[in-house]
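Here the sequence shown is numbered in full-length UniProt numbering, starting from 1 and rising by one per residue.
Quick caveat, the hints were computed from the structure, so don't treat them as lab data.
All of these numbers come straight from a predicted model, not from anything done at the bench.
Note that the Cβ used here is the ideal one computed from N, Cα and C, for glycine as well.
Please note that the accuracy of each hint is not assured.
Unchecked claim - Listed next, the in silico DSSO-like pairs over lysine-lysine satisfying Cα-Cα at most 30 angstroms (straight line):
(1) Lys401 to Lys281
(2) Lys99 to Lys281
(3) Lys383 to Lys128
(4) Lys506 to Lys130
(5) Lys605 to Lys578
(6) Lys124 to Lys504
(7) Lys401 to Lys287
(8) Lys281 to Lys404
(9) Lys425 to Lys401
(10) Lys648 to Lys578
(11) Lys285 to Lys130
(12) Lys506 to Lys124
(13) Lys406 to Lys285
(14) Lys281 to Lys394
(15) Lys337 to Lys383
(16) Lys281 to Lys425
Claimed, not checked - Pairwise CB distance ranges (calculated):
(17) Arg612 to Arg393: 57 to 63 angstroms
(18) Ala819 to Pro703: 41 to 47 angstroms
(19) Asp204 to Val385: 56 to 62 angstroms
(20) Gln721 to Val510: 50 to 56 angstroms
(21) Arg778 to Gln721: 49 to 55 angstroms
(22) Glu519 to Gln721: 53 to 59 angstroms
(23) Val385 to Arg677: 48 to 54 angstroms
(24) Asp746 to Ala819: 31 to 37 angstroms
(25) Pro725 to Asp608: 29 to 35 angstroms
(26) Glu519 to Val749: 33 to 39 angstroms
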Amino acid sequence: MARGPGGGSPAGPGLPGRQVQQRPPPNNQAPPPAARGGYDAYSQQPSYNQRPPAPSGGLEKPPRGGPAPYPNPRQYQPQQASQMRLEQIEIPKDTQQNKYIFGNICGVSPNDFPSGSDIYLLIKGDYKQKRCVVKARPTPSHPPGTISLSDVQRTWADVGKTENITAELYDPYAQGGAAYAGSLDVEMGFARPRQTTDVPFDQDQLTAAFTDNFENHVLAPGQRLLFDFQNIPFYVDVKTITLVDLTMQSPQNLEPPVSSNPEDRGVVTTQTTMVFYSNPKAPVKFKASKSRPAANAIITPDFKFESMGIGGLDSEFSTIFRRAFASRIFPPQLVEKLGIMHVKGMLLYGPPGTGKTLIARQIGKMLNAREPKVINGPEVLNKYVGQSEENIRKLFADAEKEYKEKGDESGLHIIIFDELDAVCKQRGSGAGGGTGVGDSVVNQLLSKLDGVDQLNNILLIGMTNRKDMIDDALLRPGRLEVQIEISLPDEFGRNQILNIHTAKMKENEVMGDDVDIAELAALTKNFSGAELSGLVKSATSFAFSRNIKAGTTASVSEDVVNMKVTHQDFLNALNEVKAAFGADESELQDTFPFGIVSYSNDMVKILDAGRRCYDGVRKQDHFRHTAVLIHGPPGSGKTALAAYLASKSDYPFIKMVSPATLVGFRDEMAKKDHLHRIFADAYKSPLSLLILDNIERLIEWNPVGPRLSNSILQALITLLQTPPPHGHRLLILATTSQMSVLDQLDVTVAFQQQIYKPPVRNTEELAYLLDYTKVFEREEDGGNGNGNGAQARIRYVVDSLRQATGTDSVEIGVKTVLAAAETARFDAEGGIDWFVEQLEERIQRRLAVVG
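Start from the sequences and build out the full structure, keeping to the hints where you can.
Okay, here's the thing in structure tokens:
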């Protein structure tokens, strides 16, 4: 074949070879270090004898080591741009079939593509949108209008065997400068079923053979190749690619990004670096060398956390990788020098619905290893004697066998144990129905994890939402030593989760433009991942209901194709789906229907003190656990004040515990356990607030008969003084009307701060309270609250009380005043006089006691 004037590449019809103009380095500037793949960084061109061949018309390889420079790839021009319809046929046997199949080459007719050498074709099937690039070889014996693809190429292009194909010539340099593959991450596995070998393969030899076989091929992530090495067929899957720019069109100081996008295609050259990974389903061993240590690539190179469909757990995944997988990536020889054992166990714990089981279900996607064994805790138990222990031994049997044969070269065996608390309860607790089966199962698991015959090729991942029930021996280092809390997601995490669950809606354009994911994330405080998923499903149900024909449930409207899930659908769903952990806003609002009235200067100070309490717990590390006691006479509004402060705190978890909460429990032990569970639930949120209303009633204090419940009292004092786990903050607001009783019982020592909530002290405060709440306004007043209306009624009340009692002192709780006034407002004739009588009676009774 004739050479062009440059002598460096084959000349196609009318396409002479061209010289590359070298760009000199800038003045007084040293050349930067070489870029990835051995390219000269400042010129972005491969140096002499190291340049990748760039096609010009044809794709025949130029002679290696020749002095002639290669032509500029930007000057490559395809010979034909029109699309052609081609029919698929089998690869003709007289065309050296194996060279086509193992060379990743498809056959075409020179009548369709008149070229003297191989060409690039961009192909697409009739029924698919996927467009792929293949290397084609015009063959004289090939029938015109046809194309022959191998099974591997057909699978990669996603076309059927009888499907026609649209093909056109492809220029890899037309879309930009980054056309060469700087590096490839590939996964290798045996192509023949059940073929294995313990002989490791040299990675340098693999790289040389791969480059020699697929040089000048255009490869993309996700592509599969059939590769013959030492007369052994392998499947090679391209996982990621790094494209390099040879045309000075990209910044020189930027490292080329690693891509797993199938649209990022690159030409393989002699300078393309290769990283080999073993296919876990047909594992291949690689030999270590000085330049290529045989690292354990247990993480797939194209793995992305977003592909797992889990949001809000970035820091947790970082910890999981660092503790459980980082040491397994390095060569066993290096780990042996450090004298350490790999982590064998990991415990994921947290509230239900936060993604623990989902992590276990998806963890196989991130691992370049055999499929994990997944077992639910109750499945281990068996009614036959010794069978439960045998089930545990079977889980570790494969790992034991391989470790005996291969030692530290053994692959990783992962066992995922869901609902671990079902079988690993505290020994001696009676788990297993008193038969001792539960204790035996725990003993068997302990011996397998860290017994006499230690295994270094296992990783047990346990999950539970009751960490307190698991035997302590299982949680020590050497067993389940990595313990990671999967807690409720924060606002950023909720935003990620909602984006994951609505991704299909956005992709298919069925989500309304008015949907604000950021606003929904802010409104869903303390929602777990499962509850956010339920919220999305509830919103779609409202969208479905709008498209059901009126009067029927069996047909949909004709306009259903234009159905959209709107923001209002999500707001309606928020009224239907509630968080299991968190604040019930309606319950808090019912506690102070009139709001909080600053009827005195003391109220301003009280509200300011409450604000400092919840801001201090949120912001200051020294006050991350604070208990505040709100005390005052009966009916002074202590509960309303506590609920008001809780609602203003904007804490994600708010729980009110009142004496009614403990009604219905059979004995003191059940009540005590319920209190403990309430505090445990509060610890599951990073920021929590508990209201202990009427604390003397919670401990069942009574001035006569049995004085109190000592077990509840001691438990409550302990819970008040115990700080939450690290990383969590807790504010406790307790109320009482019996401050002297709590002093006698030494309960007050458990509180860091005390707030006194005074009653309505005098007639001036009473008049302000009645005016602010407008309880004495009538329809005939016109809503102005002056003249002969509400103001006159309030003056009448104040004057009547002064005349009857002879004093301005009132000393009645605000709750008592508002309750009586609300009753009197609906009695137009005698309501005011009745209200005055009620207050007068209470004032006279107090004066009599004082006198």
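Legend entry - Hints that the structure is at odds with (numbers, increasing): 3, 5, 11, 15, 16, 18, 22, 23, 26
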